[in-house]
Amino acid sequence: MTEPIYDVRSFWELLEKRVAATPDRPMLIDAADRRVTFAEFKAWAERAAAGFQAMGIGENSVVTWQLPTRIETLVASFALSRLGAIQNPIIQIYRDREVGFALAQMRSEFVLVPGMWRNFDYVAMVERLSADLASPPKIIVAYDSLPEGDPSTLPPPPAVPEIWPPPPAVPPSSAADAPIKWVYYTSGTTSDPKGAQHTDGTLLAGGIGLALKLDMQPSDVGSIAFPYSHIGGPNYVVMMLTHGMPAVLLEAFVPAEAVEIYKRHDVTMAGGSTAFYISFINEQRKQPGDKIIPTLRILSGGGAPKPPELFLEVETEIGAKLCHGYGMTECPMIAQGGPRDTDDQLMYSEGGPVEGCVISIVREDGSSAAPNELGEVRLAGPMLLRGYRDSALDADAFDADGRFRTGDIGFLRPDGYITLTGRLKDVIIRKGENISAKEVEDILYTHPKVGDCAVIGLVDRERGERVCAVVETAPGQSALTFAEMVAWCRDAGLMTQKIPEQLEVVEQLPRNPTFKILKFKLRDEYNQQQWAPQS
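For the sequence shown, the residue numbers in our numbering are 1 to 535.
Worth flagging that the hints you see were computed from the coordinates, not collected in a lab.
Be aware that one or more of the hints could be misleading.
[What the hints assert, rightly or not] When the alpha-carbon atoms are kept at most 25 Å apart in a straight line, the in silico PhoX-like pairs for lysine-lysine are as follows: (1) Lys449 / Lys521; (2) Lys449 / Lys425; (3) Lys449 / Lys498; (4) Lys425 / Lys519; (5) Lys521 / Lys498; (6) Lys498 / Lys516.
Only a predicted model underlies this, so the values are computations on that prediction, with no experimental measurement involved.
When you get a sec, could you build the whole thing from the sequences and use the hints?
Right, dumping it as structure tokens:
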């Protein structure tokens, strides 16, 4: 067993050090049982880098890639890192609006796509979106094969003028001189997408923070069933490389298939987001008394706060610890629960701050909140973005102290762990009373008829906003009735003003490609409908 590798400045240097330490250990496994060792991965990435170089890609070339989670995708990304290209990963389910915006703002020179994938023609989309661009990008199909060349033709890896650990986060105007090598776009559900700029150092800081918290071992087997093009992708691969552990890759998450593949490969850590946790619980309930993945010891992920009840369900039914985390496109890792945390910490928080991340809770007047006092979450640390691609957005994103404004509401516990209660825009104001949507959601989630839920505020002439609960029915259950919902909330001690006045039961809640519930779509839909009081 080798010691974890943290003393690195770039993705390529981290890969080189991992190969030097454990060249023959497995790194990647896929659903077809293909296996690639760390040494094989590096050699493949060098051949691909030479192939990309022959096509004109070099240091600082702007390369957008929209590829599914598979071995070739990780190889392509590391090949681009070897060349020093600027990478713009885009989640594969995004379409014209997001992709077109990124291509135009990035002025992409090259675009890597899977060709025809899951009945969608990515080449045709990029050609259509590039038609009006002054300089259309070159399209490269990179799905089940990659261009290859002679690695001896490659120049030395690009120098990285950044030390470890990186300096504390500062306003973008005076950020460190490390080159921008990554641009990740937010989904832009209510406005244009925002391109968060990262260096190798900012992403390494996030991934190392995750690695330190989860304390994985080389004997562990991880899994990536979420889009690798998500900001969580580099988090995960950095953890794999620092600790020398492999991961199973899935192009798409189908719960029953994932369980079978994970069981076959003795996966010890799975997850991705709250929706993934619920999917695993539902699969487990189809086989009560028989652990669906006997080797599984940790479920981990982020993307949205989790109901506390989920922790108990995962522990008692699946037999694993639920170690939830908190991150965002602008700050890949903020806080993370770990296997050494107490049950109380894992159940009622999003974890403790990862190494180097400084979390502040700020009142409306800008002063610091006390422990257990609600306020906006603001951040500093080496994992923060180095400003947006559109620098005009930076002034509102950072406060006078250089801290990033997350727009999230939460509090720091006396033990330093953070608990989220919602978004600044997700507080429902009913007759002047602030209502936390998450507080109501956590109660509704515990009802046996509720598979998942979202609580939203709808425009109401009398109340300002009324509370509306939108719920999915749990597998094998009948639909929740309004009377049952009200009784459940009252029995849980929820004050009358917070009990939803409207209940909508849906087959499936709208979600984005990372399974986050799209509340804006629910608000748009139900604000347009006439409402009559329910009973």
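Each hint, compared with the structure:
1. Of the pairs offered as hints, the one joining Lys449 and Lys521 holds, with about 23 Å between alpha carbons and a cut-off of 25 Å not exceeded.
2. For the hint pairing Lys449 with Lys425, the CA-to-CA distance comes to about 28 Å; that exceeds 25 Å, so the pair is violated.
3. Annotation: proposed proximity of Lys449 to Lys498 holds, straight-line Cα distance about 20 Å (limit 25 Å).
4. For the given pair, Lys425 sits about 11 Å from Lys519 by alpha-carbon distance, which is consistent with the 25 Å threshold.
5. As the CA atoms of Lys521 and Lys498 are separated by approximately 22 Å, the hinted pair is consistent with the 25 Å bound.
6. In summary, the hint linking Lys498 to Lys516 is supported, as the alpha carbons are separated by about 23 Å, within the 25 Å threshold.
Comparing the model with each numbered hint stated earlier shows that hint 2 is the single one that does not hold.
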